[in-house]
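Protein chains: 2
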Amino acid sequence: MSQYRTFTAADAVEYAKQFGGVDDPSTLVSAEEIGDGNLNLVFKIYDNQGKSRVVVKQALPYVRCVGESWPLTLDRARLEAQTLVEHYKHCPQHTVQITHYDAELAVMVMEDLSSHRIWRGELVQGVYYPEASRQLGEYLAQTLFHTSDFILHPHQKKAEVARFINPEMCEITEDLFFNDPYTDHERNKYPEALEPLVASLRHDDALRIAVAGLKHRFFANAEALLHGDIHSGSIFVADGSLKAIDAEFGYFGPIGFDVGTALGNLLINYCGLPGLLAPREAADGREQRLSDVRDVWIAFAHRFLELAEAKTTDVAMAYPGYAQAFLRKVWADTIGYCGTELIRRTVGMSHVADMKLIKDEAMRTECIRNAITLGRTLILAADHIEDVEALLARIRQAV
Amino acid sequence: MSQYRTFTAADAVEYAKQFGGVDDPSTLVSAEEIGDGNLNLVFKIYDNQGKSRVVVKQALPYVRCVGESWPLTLDRARLEAQTLVEHYKHCPQHTVQITHYDAELAVMVMEDLSSHRIWRGELVQGVYYPEASRQLGEYLAQTLFHTSDFILHPHQKKAEVARFINPEMCEITEDLFFNDPYTDHERNKYPEALEPLVASLRHDDALRIAVAGLKHRFFANAEALLHGDIHSGSIFVADGSLKAIDAEFGYFGPIGFDVGTALGNLLINYCGLPGLLAPREAADGREQRLSDVRDVWIAFAHRFLELAEAKTTDVAMAYPGYAQAFLRKVWADTIGYCGTELIRRTVGMSHVADMKLIKDEAMRTECIRNAITLGRTLILAADHIEDVEALLARIRQAV
Chain A
1 MSQYRTFTAA
11 DAVEYAKQFG
21 GVDDPSTLVS
31 AEEIGDGNLN
41 LVFKIYDNQG
51 KSRVVVKQAL
61 PYVRCVGESW
71 PLTLDRARLE
81 AQTLVEHYKH
91 CPQHTVQITH
101 YDAELAVMVM
111 EDLSSHRIWR
121 GELVQGVYYP
131 EASRQLGEYL
141 AQTLFHTSDF
151 ILHPHQKKAE
161 VARFINPEMC
171 EITEDLFFND
181 PYTDHERNKY
191 PEALEPLVAS
201 LRHDDALRIA
211 VAGLKHRFFA
221 NAEALLHGDI
231 HSGSIFVADG
241 SLKAIDAEFG
251 YFGPIGFDVG
261 TALGNLLINY
271 CGLPGLLAPR
281 EAADGREQRL
291 SDVRDVWIAF
301 AHRFLELAEA
311 KTTDVAMAYP
321 GYAQAFLRKV
331 WADTIGYCGT
341 ELIRRTVGMS
351 HVADMKLIKD
361 EAMRTECIRN
371 AITLGRTLIL
381 AADHIEDVEA
391 LLARIRQAV
Chain B
1 MSQYRTFTAA
11 DAVEYAKQFG
21 GVDDPSTLVS
31 AEEIGDGNLN
41 LVFKIYDNQG
51 KSRVVVKQAL
61 PYVRCVGESW
71 PLTLDRARLE
81 AQTLVEHYKH
91 CPQHTVQITH
101 YDAELAVMVM
111 EDLSSHRIWR
121 GELVQGVYYP
131 EASRQLGEYL
141 AQTLFHTSDF
151 ILHPHQKKAE
161 VARFINPEMC
171 EITEDLFFND
181 PYTDHERNKY
191 PEALEPLVAS
201 LRHDDALRIA
211 VAGLKHRFFA
221 NAEALLHGDI
231 HSGSIFVADG
241 SLKAIDAEFG
251 YFGPIGFDVG
261 TALGNLLINY
271 CGLPGLLAPR
281 EAADGREQRL
291 SDVRDVWIAF
301 AHRFLELAEA
311 KTTDVAMAYP
321 GYAQAFLRKV
331 WADTIGYCGT
341 ELIRRTVGMS
351 HVADMKLIKD
361 EAMRTECIRN
371 AITLGRTLIL
381 AADHIEDVEA
391 LLARIRQAV
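If you read the protein sequences in the order shown, they are chains A and B. Our numbering applies: residue 1 is where the first sequence begins, and numbers increase by one. Our numbering applies: residue 1 is where the second sequence begins, and numbers increase by one.
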């Protein structure tokens with residue numbers, strides 16, 4: 001990657017002029033770096049009317065929020081671009097469009113989504129997008145079904161698995177999801193008052209064994225091309241619209257990981273709302289989140305089954321009833337991975353606004369306690385929760 | 001592969017002189033083609049004392065038993081050689097030694113095992129090797145544990161998965177194991193009298209759904225570097241010795257596939273013995289086979305757990321109790337894949353001597369019927385058979 005250099009705003013503008021695919025490139029005049037993520041530079045490119053036109057995203061060769069001491073492969077830009085291109089093929093309505101990618105510069109150009117807002121920010125403020133959950137379920141079903149063994153020719157599937165092998169990004173998940181929160185690790189961060197609860201996770205045999213199984217399946221089960229990090233901060237929403245972004249963790253893994261990550265972030269919000277909003281708004285928001293959880297799963301499962309019935313090419317997997325049987329396993333995985341997301345976002349390193357923005361410290365601690373407790377409950381009960389109604393009942397009971 | 005040419009016996013001798021690694025290459029004088037398999041040329045190379053010294057094996061660019069109409073990748077020679085080299089690293093006592101491999105010629109040189117005999121031939125004649133089952137369990141545990149996520153660094157595991165992607169050979173298994181016997185396929189072959197039984201397989205919902213799940217896990221679950229075809233015809237035995245050969249189906253798949261294939265072939269023999277031997281010998285042989293099934297599983301599980309306890313490097317999977325929990329899933333897979341092996345060897349295309357050598361037609365039909373019935377029973381009961389003793393009870397009950 002001899003030509004790699006970190007972009008300045010001026011570089012980003014020049015690049016957008018050349019590769020932005022806009023009709024009038026000479027009107028592009030300025031760039032604003034808006035990367036609030038942990039890993040990349042993100043430039044919004046404006047024209048001379050002050051209108052943002054495209055986005056230029058460049059991978060940095062290290063973890064941005066930690067610094068150059070944590071180097072990270074630039075190949076993740078390829079993996080992100082190719083994952084999004086693949087997902088766009090199958091679900092253009094809910095995937096950001098990538099219009100250009102350059103391996104040497106680890107840079108991609110994508111559609112501007114200024115009309116949208118990051119879903120997490122809206123959830124934290126109690127702004128409700130009633131269609132978002134159904135749309136997220138649709139995105140998950142379309143992208144995961146169309147990259148699965150149900151429909152890909154076995155030769156193509158194997159080639160795709162090889163193309164999307166993503167060791168460095170997977171390792172981050174392997175560590176942050178499945179190791180750190182269950183060990184006494186320096187990266188962990190949680191209120192001191194929760195030390196006894198967190199310490200109890202480390203010695204909970206059934207929990208540790210279940211988490212090991214989830215990690216093992218994350219390692220081994222190449223069921224579909226996952227987004228790999230589909231939390232509410234990787235999702236843009238607007239009225240009637242939802243777009244997934246940020247797929248640098250894309251790889252072939254267990255379908256329940258994506259679905260569980262999505263549900264987990266809705267439930268983190270559920271746990272945080274009493275600390276974020278006034279009591280009545282918080283109660284309404286919590287009901288919306290439970291309804292969102294139901295809608296995501298039902299939209300996902302319904303569409304997945306519909307696609308399986310209409311489009312499965314594998315003659316064995318096309319047998320009536322198999323897709324349903326498979327989805328029962330995905331459901332159990334979903335609950336388990338949902339639980340690990342709740343715990344890694346509260347005990348582990350990667351905290352989220354749903355908790356960080358709670359001003360009252362005692363309240364924040366209680367909200368975090370609830371998220372950890374819920375996460376543990378779900379991981380332990382994953383194989384025994386019959387359906388989404390039983391899940392909602394379990395959540396109400398737990399926190 | 002411009003230099004590829006099919007070896008004559010003389011070519012094989014010349015090649016062995018050059019690459020056989022024998023101290024006195026000039027003494028090598030003749031070759032005998034002994035390939036009784038379906039896919040390859042196999043030459044035994046003799047010295048001027050009439051002693052066989054090494055084996056030269058060359059892949060043909062088509063399926064030998066079908067002809068040039070069924071082309072097959074020469075890359076399988078690489079996959080076979082690399083799988084055996086990898087397995088030899090972890091279990092030299094029970095893996096044939098590969099001393100040389102050439103990609104362009106799709107040829108490898110391996111140790112001569114003339115002191116050994118193919119296990120299936122011995123099983124068919126009622127010759128008992130009391131140590132073989134324990135040794136096979138040892139081979140399975142050592143090779144599968146050492147290529148699993150328990151011990152491989154995640155980066156290395158992913159690279160190995162890519163190195164051993166084996167689309168064409170996997171496709172043969174995908175078709176012959178999981179499709180043909182459950183559909184009305186021209187490749188199938190079974191006694192006409194069994195048509196009603198075979199037809200009933202095609203419409204058994206629970207069976208078809210279970211087989212679809214086994215096929216899906218064969219596609220997706222990259223748990224370890226499998227041999228991929230570890231039946232009794234891929235195993236050499238001698239007094240106190242056992243060596244696995246013929247690993248061209250090697251790829252990263254579900255551990256239960258290898259263990260189930262191994263057990264399935266012991267149970268085919270169990271089903272065939274009444275047609276092969278006199279009643280008392282057959283009864284003794286059947287008890288030996290059940291005892292072999294117990295010994296393979298116990299040796300495998302015991303060693304796997306011992307290795308997991310001593311050598312697991314993954315911090316999550318090292319948690320006490322996880323390896324046991326994982327082996328419960330492997331056990332269920334093992335029973336399921338064992339069932340599919342019984343059915344594909346009796347309904348599908350690839351029949352074996354354990355049935356083919358039964359002279360009495362009515363008896364042969366009954367033995368095949370028993371094998372099919374047992375296969376179906378095992379596939380359907382795979383998730384509900386507690387342990388190996390329960391399995392043996394189920395087998396005695398079924399046939």
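Careful, some of the hints might be misleading.
One copy or any two copies: either way a pair holds, since identical chains are not told apart in the list.
In silico lysine to aspartate or glutamate, EDC-like type, Cα no more than 20 Å apart, as pairs [unchecked claim]:
hint, residue 1, residue 2
1, 329, 205
2, 311, 361
3, 329, 306
4, 356, 11
5, 189, 175
6, 44, 309
7, 89, 239
8, 17, 366
For the record, the hints were derived by calculation from the structure and aren't laboratory data. A quick note: this is a predicted structure, and the numbers were derived from the prediction, not measured.
Each hint tested on the structure:
Taking identical chains as interchangeable, the C-alpha atoms of residue 329 and residue 205 lie at most 20 Å apart only when they sit on different chains, with a minimum of 18 Å there against 22 Å within one chain. For a Cα distance limit of 20 Å, the shortest separation of residue 311 from residue 361 qualifies neither inside one copy, at 52 Å, nor across copies, at 44 Å. Only within a single protomer do residue 329 and residue 306 lie at most 20 Å apart by alpha-carbon distance; the minimum there is 17 Å, versus 29 Å between protomers. Within a single copy, residue 356 and residue 11 get their C-alpha atoms no closer than 34 Å, and across copies no closer than 73 Å, so neither meets the 20 Å cut-off.
For the homomeric pair residue 189 and residue 175, the shortest alpha-carbon distance inside one copy (14 Å) is at most 20 Å, but the shortest distance between copies (51 Å) is not. In the homo-oligomer, the alpha carbons of residue 44 and residue 309 never lie at most 20 Å apart, since the shortest distance is 42 Å inside one protomer and 52 Å across protomers. With identical chains, the CA atoms of residue 89 and residue 239 are never at most 20 Å apart, being 23 Å at best within one copy and 59 Å at best between copies. For the identical chains of this complex, residue 17 and residue 366 are neighbours neither inside a copy (50 Å) nor across copies (77 Å), given an alpha-carbon limit of 20 Å.
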